[in-house]
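Colleague: Residues per chain, in single letters:
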Amino acid sequence: MMRMNRPLSGSLLATFILCCTSCAGNGAATPSVSANTEAGVGHAKQIARAVSSSRGLYVFGSTAVNVYPANDPTNIGPTCYVPLVQGQPFGQDLSIDQRGHLWVPYGGVITEYGRRCGPSGDVTVIKTLTDRYAGSGGPTTVAFAPDGTVYVDNETGFGGDGNVAVYHSGATSPYDLLYPPHPISQVANIAVDANGNLYMMWSLYPGGISVTAAGKRKAAMLNLTGVSSPVGMAFDNAQNMLVLDIGGPDIAIYAPPYSGSPTATIPLKANHFEYFALDRANKNLYVAAWDTAAVQVYGYPSGTYEYSVSAGLSPNSQWLGVAVDPAAGN
Amino acid sequence: MSFATLLRLATSATTLTLAACLGSANSQPYSSAIPLGDSLNKPATGASIIFADGGAANQIDGYSERNGKMIKAISTLCPGSLTVDTAGDLYVVEPCVPAILVYPPGSTKFALQIKLPPLYNGYGSPDVAVSRLGELATSNGGIVSFFRKGTREPFNIVGNAKFVQVTGLAYDAHGNLYVSTSKGLGEIIGGGKGSAITLFNISPQPPAGHLAVDDTNHELLDVGESSGIGTIYQYHLPNPAAQSGAITLTGTSFLEGLVLNRATHSVFVSGLATSDGSSYVWQFPYPAGGSPTLTISQGSNGFIGVTVTESGK
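As you go down the protein sequences, you meet chains A and B in turn. All letters in the first sequence, in the order written, are residues 510 to 839 by the numbering used here. All letters in the second sequence, in the order written, are residues 6 to 318 by the numbering used here.
Just so you know, these hints were derived from the structure itself, not from any lab. Hints may be right or wrong, so weigh each one.
Just a few of them, taken from the derived set where beta-carbon distance is under 7 angstroms, the chain A residues facing chain B [said to hold, decoys possible]: (1) 644; (2) 668; (3) 669; (4) 675; (5) 691; (6) 695; (7) 712; (8) 738; (9) 756; (10) 781; (11) 800; (12) 801.
Label pairs and their in silico Cβ distance ranges [said to hold, decoys possible]: (13) B:165 to A:681: 30 to 40 angstroms; (14) B:78 to A:813: 24 to 34 angstroms; (15) A:769 to B:125: 44 to 54 angstroms; (16) A:778 to B:73: 26 to 36 angstroms; (17) A:685 to B:302: 53 to 63 angstroms; (18) A:813 to B:204: 50 to 60 angstroms; (19) B:222 to A:769: 33 to 43 angstroms; (20) A:641 to B:295: 52 to 62 angstroms; (21) A:790 to B:267: 31 to 41 angstroms; (22) A:633 to B:62: 47 to 57 angstroms.
In silico BS3-like pairs for lysine-lysine, Cα to Cα no more than 25 angstroms straight-line [to be verified]: (23) A:778 to B:120; (24) B:198 to B:77; (25) B:77 to A:778; (26) B:74 to B:114.
We put the CB at the ideal spot given by N, CA and C, even for glycine.
Using the sequences and the hints, build the whole thing.
Modeller: Encoded structure:
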């Protein structure tokens, strides 16, 4: 769904860090929690920023992608909309790439939108990707590798088993197709880490998370405990892996090299969840409760619930995809 | 160790290290955290578990079929129809969401959530059925959606909400799906591989109740009432064009849920008691009917779904 920062010392060193258990302690994220102080004039300024630059919280509404100011606990409603350009929306996950462009999978295609978004929905469609490997539900998630490679998750691909379509940077048609390893057969979500390793996950037992090394095609299962039904993933700036587990529901946090038990767990307020996002500053988690059509905002890494965003959203419409700009790792 | 030395080490060891990481992950199977060890989840040895929408509005209760004692509770938002598959997975319809949640055997946490489209107004709670091969069917108005085992995107949708309301679903051992509708009984040959609901012209019209299939005796069971008394109507398969019998369930009325336990030659129904008007789940001998052999009070929380696992699951 999103990728983490490219390490300053390059991907080779990052690989070493990823696999070095002696370095696992470095995975602890900086203990910092955002303070939501926007109000009055400050709030108005923030809305203005959101309108002009589209930086904010993106949530799949019933007929469009709603854009909300980031870090706004007032639940004032969306400040602009990204209208959907074709077909009926089939709300899946949303993704923000390194340039702040919004990627929306729905209606069997993936659309990349430009960054500017005004109140009248004046957005620019950059390109549309076709996905001939998607099943009846269409593509569900987009993730980006550091080299620009785009991965598209087809939860139930053409023929029944899930797959991941791979696109070169800038391409509109896939050049490769990856499959999850046994025992998982469907792909609920995907994520890419700073080294370009691809992670696929499925929730139904035997569920689990697989990893496909960058540039490779063969996937292997991660040996994790403490997570039963993973559906979402993100990486923080310290290379910790955050896993949304509907079996909790909670977000389990694993330090590199991503095996064994989580180093921490953030319990979620009881709801039905499917997607979540982490901001670049690693201060807030945005967790979409699709049954009540609300995005719950938690402090990170404290896990403290702060507020919810629900204005302009309605239940029964979507899986409630969510993304935040700037996203973690961009 | 200097940073430069660390970088050289990382460079020389990168390929090997990454391979070791992946190899290690590959050598050990994924370890699930499904709480199988919870003593509440263990039925008496060999006994089936009866699942019913609970006395609390947001709870599913599990009972031992052997003695009727409650052995587990599952919190959920708004449980409706229930069913289990041959592996013991529990499927729960949540009409208020709407969704179907799948609970692995022994777990009180769901492992799969299937989002359903908005429900047609006035058509009540969707039903759910799972074939022996794991195909899932669910109703919404006059539409039946089919999902392959373990997936959550329908691969086929049959029916038309404008013409008929589907209220009950049941598979036979061959994967054919039978439906109860406001216009009578119907079947979809091949289940999800089928293309249309074929309605049978039956007089008098069968109740639009929940269904079960007795594969041994080739009977389709449809639960309803006769003169205010709970009754299971029987229709002989493969062509259920006429009623072949009826089973009276003494002391019951307004029945909703129905499930057959082939191993113990019993049926479980849910509904209201004629004595006090409260909600109950009953076990009756099948096909004899008559007086219940087990009675479980479920309070008064409206629709009561009921299902039962195979022995020991």
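Colleague: None of the hints should be skipped; say for each whether it holds.
Modeller: Status of each hint after checking the structure:
no.	hint	result
1	644	holds (6 angstroms)
2	668	violated (10 angstroms)
3	669	holds (6 angstroms)
4	675	violated (18 angstroms)
5	691	violated (10 angstroms)
6	695	holds (6 angstroms)
7	712	holds (5 angstroms)
8	738	holds (4 angstroms)
9	756	holds (4 angstroms)
10	781	holds (6 angstroms)
11	800	holds (5 angstroms)
12	801	violated (9 angstroms)
13	B:165 to A:681: 30 to 40 angstroms	holds (37 angstroms)
14	B:78 to A:813: 24 to 34 angstroms	holds (29 angstroms)
15	A:769 to B:125: 44 to 54 angstroms	holds (48 angstroms)
16	A:778 to B:73: 26 to 36 angstroms	holds (35 angstroms)
17	A:685 to B:302: 53 to 63 angstroms	holds (59 angstroms)
18	A:813 to B:204: 50 to 60 angstroms	holds (57 angstroms)
19	B:222 to A:769: 33 to 43 angstroms	violated (53 angstroms)
20	A:641 to B:295: 52 to 62 angstroms	holds (60 angstroms)
21	A:790 to B:267: 31 to 41 angstroms	violated (59 angstroms)
22	A:633 to B:62: 47 to 57 angstroms	holds (49 angstroms)
23	A:778 to B:120	holds (19 angstroms)
24	B:198 to B:77	violated (36 angstroms)
25	B:77 to A:778	holds (22 angstroms)
26	B:74 to B:114	holds (21 angstroms)
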